[in-house]
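S.K.: Each chain, letter by letter, is given below.
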Amino acid sequence: MLYQTPAFFLFFALFLIVYLPFKHRIPGRWILLAASQVFYAAWDIRFLWLLWMTILCDFWIAFRVDAAINGTVRRIYLVVSLVLNIGVLVFFKYWNLLAMPAGQVLSGDPSKFVIENLIIPIGVSFYTFQSLSYVFDVYRRVQRPILSLIDYAAFVSYFPQLVMGPICRLKQLAPQIINPQQTTVSRVIAGSFLFIVGFFRKSVGDVMGIMADSGFNQVELRSPTEVTVSLLAFWLQVYLDFSGYTDMARGVSRIIGIELPINFRTPYLATSIRDFWRRWHITLSDWLRDYVYFSLGGSRKGLRKTLFNIMIVMLLSALWHGAGINFVIFGLLHGTFLCAAYLWSHFLNPKFKKTEARPALATITWSVFCWFLTMSCFIFSLIFFKASTPQDSMLIMEKLAIWLKEGAAMPVNLGMVILIILLLSLEVWQYKKPELLQFCRPFSKWQITCIGALSGLLFSSGLILFAGKTGQPFIYFQF
Amino acid sequence: MRILAYILPAIAVFIACNVLLTFFELPLYGTWSGLRPLEEKLELYEQATKQRLTDKIILGSSLTEAGCSAKTLNEWLLKHGQDGGYFNLAEGGAHLQTQVVVYRISRAIARPKTVLLGVLIMGTDSDYFASEDEPPVKIMKKSPAGAMLDSDLGLAASYRVWQLPIFKFAAPVRDLVIYGDFKNRVFDYTDHQGRNKYGDLLPYAVCYDIEKATSYADTQKQRLLNMWRLAGTAGRFVENEWPVRMKRLAHLKSLTEKDGASLMLYPIMPGYMAMHEDEVLLEIQNETIKELARRLACQYITFEKPAQVRPYELVDPVHLNRHGSEFMARRIAAAMLQQDEALNAEQPTPRFLSPRKYPTDKKASGWGKFTSAIVKHNIKSGDTLDIHLLQGWNIPKLPIKKSVKVKVFYPNGMQEILPAQIKSSDGIAVQFGPDSEINKNQNNEVVLLISILDAKGKVINIPLKDYSWHQSNERHHKDNTSS
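Which chain is which? The protein sequence lines are H and P, in order.
If you use the numbering used here, the first sequence corresponds to residues 313 to 791, in order.
If you use the numbering used here, the second sequence corresponds to residues 1080 to 1562, in order.
No wet-lab data here; the hints were simulated from the structure.
Quick reminder that beta carbons are idealized off the backbone N, C-alpha and C, glycines included.
Any given hint could be a false lead.
As the list claims (entries may be wrong) - Once the Cα atoms are required to be at most 25 Å apart in a straight line, the calculated DMTMM-like pairs of lysine to aspartate or glutamate come out as: (1) H/781 x P/1357; (2) P/1262 x H/421; (3) H/781 x P/1122; (4) P/1262 x H/525.
Claimed, not checked - Here are a few chain P residues that sit away from chain H, every Cβ distance over 12 Å (derived from the structure): (5) 1087; (6) 1088; (7) 1089; (8) 1092; (9) 1128; (10) 1155; (11) 1161; (12) 1164; (13) 1237; (14) 1247; (15) 1250; (16) 1260; (17) 1384; (18) 1415; (19) 1419.
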């Protein structure tokens, strides 16, 4: 059930009719939980058991962890939870990748242990991390176990963020599920507007996806310009697709009365790779920082250990996205970029900053240069993210090098320019006035009118870009 | 109030976007039904129902679409006091299961009183084995209309929603945004064959490869005779050859019955077989249609052999052309009215001559609508003319250096046949050589009419898609550049 389909609109309308009268009472939580199960079952009912296995195991383990006084016992329970959750992830995402070399070594037949048609359950990477964060928090004694299984199940399977995040913590979501905010007119407007912005972003992302796929398909037959255009289109697609989804999820949730955390803070305006990761998929970055980076010691154990920790975190982040050597390269690349950025900020930048205050023009030029460098690094890494094999990645790089050398003009048409201007305006607006989009707040009457008109424009544009086309699945569905 | 302050501007902008799109001449992609020709027909059908021109429909494949003129049929029926009229909703490439879907889709606009179904007696392999997963049914079922097929209310609502320009023209706008042109618009036969307001296809071309047509017809006829002989009776013939198709016919019958419409069958054969129908073929088609109608408990039409054989005119071995379809319609009218007046009416003359002028629409030409008028000022001696012909099927490559004639019409009504020589031909485009010096009058208007001497005296009328002049000095320059 994609957010942009009539089926979801119908589902959500029915849900609101049933839910709103009970939202502040216990049946409200039951309705929310039931709706989440319907929502998930609409994708694939076969994996509902897996979701419930995660819920039940972590709910029980959290109690055991909390009850245990002995540190070793607590640690054992934590490991059990880790093995269960990560085991599920590893099995579905990496089994076939690991089975091939294992089969080769053990029996000489690489396909011996391969499971054909192994489907990755939708949202598994998101809800296991969300559930795991709860066990971690209980283990660290920063969170008391939740008493109600219904509330916990509603937290893990909360439908607006179930399949693609944002990855929430219990303390962020559970209190709101138990006591959601009033559904006021301002809230409905703010939620609808956020949803429509996401709808528009996703629709443009789909258009970019068409362009991206055409260039990445049979790379050897594509011209250097085609490949470059496709790479740039993918750069836009990956952001618009995921941020579009997040906006829609947050908009839906806002209407319900539950605020989801911000997942993107205009990452394509970042001027350093560290800045970029602070703005991109924030909830995953925070999760990895809190539960992996800090657990490994963070930056408190010397330079070498810090750089090692950064590499580990980025590698895990890449593997979270998918299996395969290309994702490993993607992770290592970003690890390297971040290490370089860390070294720069700790050793070179302070010296650089000590020089006299620079004039405004120089600051702007420097910022533009930094932005360009950051985006170039990210776009370069996307080659490995998108290409299906390392050979394809090499081919893309070759074509990119040819294009950079020859500098052929890119095909530009007016429609695309208008679309990109509209998107860029949205980004700058969100950057300058984040409160208008990111937070729910009362609007003045003229603001409402302007937002209404803008909603009409974005929704109409989104409809044009979506109508009659088979919707492209969200990129992050596969993760 | 606050919610209205949000919703009203949003609705206003949505309406403005819809209005804005109507100002652009955007091509129809047929996204709602998945088939552009069908959707163009549905638009005509809606107009015809609004003008009360039609209350009955004709269904069938391309053999019916181009082979039974609803316009002519209506004229004859009206002449004999029958009100209402037929609309030709037959669809190219359609099998029987397609017609079931087309019928269901058409109900989003209006429910007919009668469905006249052209039934191909000579089944082709694709008719036997075509499943629900083959185009065009597959395309239609995957379309927004297809998703609503099981709900009359949903289908009608979906049709109305898709009439909004924002949905209707979404695909062309999307193409403009991505590619800067209408890249995904599918070109097909309807781009160069006009339609009238009753949905009839109006191909003007004439089949010139008579040998191919004869050979095709002979093979098909032999096959039919073998099947008929093997079966022995019409009942057996239907049982042997029609098990799957009968189910589909029964489905259509049940749908029409539910709507209170009557189903009427008429037999059709591929063009050249119809052209040379003999007593045996007539008997087979009449007996088969009677048997089908008996089993379905529906009405039917059979054809009697006319006293005077008037051969149909063909586009190719299979399809009738405009005049052929008019003749077929008169034949149906004669059977319906049970009198031969329509059958014996005079043939249109001249039989093979195209209309003086094809619609000239330079703006639309980029989208495939044809123009056949060429206007050129100051034609110099030695100029050559590249003429791109409009053919849904490829024409054989014309022999290089062969002499041809180009007929030129002038605005003052004069006409002239000029000798020319074929310089190049790739099956779509033909380039005439230096012999094709067009009269140097200013504002020459040329309606293409080529006589190919190889075509055994037949004159071929082929609409023009595009043309380009090569002025003598330009040509010289081009040759130099290429060498």
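S.K.: Run every hint past the structure and note whether it holds.
M.R.: Here's how the hints hold up against the structure:
no.: 1; hint: H/781 x P/1357; verdict: violated (50 Å)
no.: 2; hint: P/1262 x H/421; verdict: violated (47 Å)
no.: 3; hint: H/781 x P/1122; verdict: holds (21 Å)
no.: 4; hint: P/1262 x H/525; verdict: holds (16 Å)
no.: 5; hint: 1087; verdict: violated (7 Å)
no.: 6; hint: 1088; verdict: violated (4 Å)
no.: 7; hint: 1089; verdict: violated (4 Å)
no.: 8; hint: 1092; verdict: violated (3 Å)
no.: 9; hint: 1128; verdict: holds (24 Å)
no.: 10; hint: 1155; verdict: holds (40 Å)
no.: 11; hint: 1161; verdict: holds (40 Å)
no.: 12; hint: 1164; verdict: holds (32 Å)
no.: 13; hint: 1237; verdict: violated (10 Å)
no.: 14; hint: 1247; verdict: violated (9 Å)
no.: 15; hint: 1250; verdict: violated (6 Å)
no.: 16; hint: 1260; verdict: violated (8 Å)
no.: 17; hint: 1384; verdict: holds (49 Å)
no.: 18; hint: 1415; verdict: holds (40 Å)
no.: 19; hint: 1419; verdict: holds (49 Å)
Violated hints, in rising order: 1, 2, 5, 6, 7, 8, 13, 14, 15, 16; the structure is consistent with all others.
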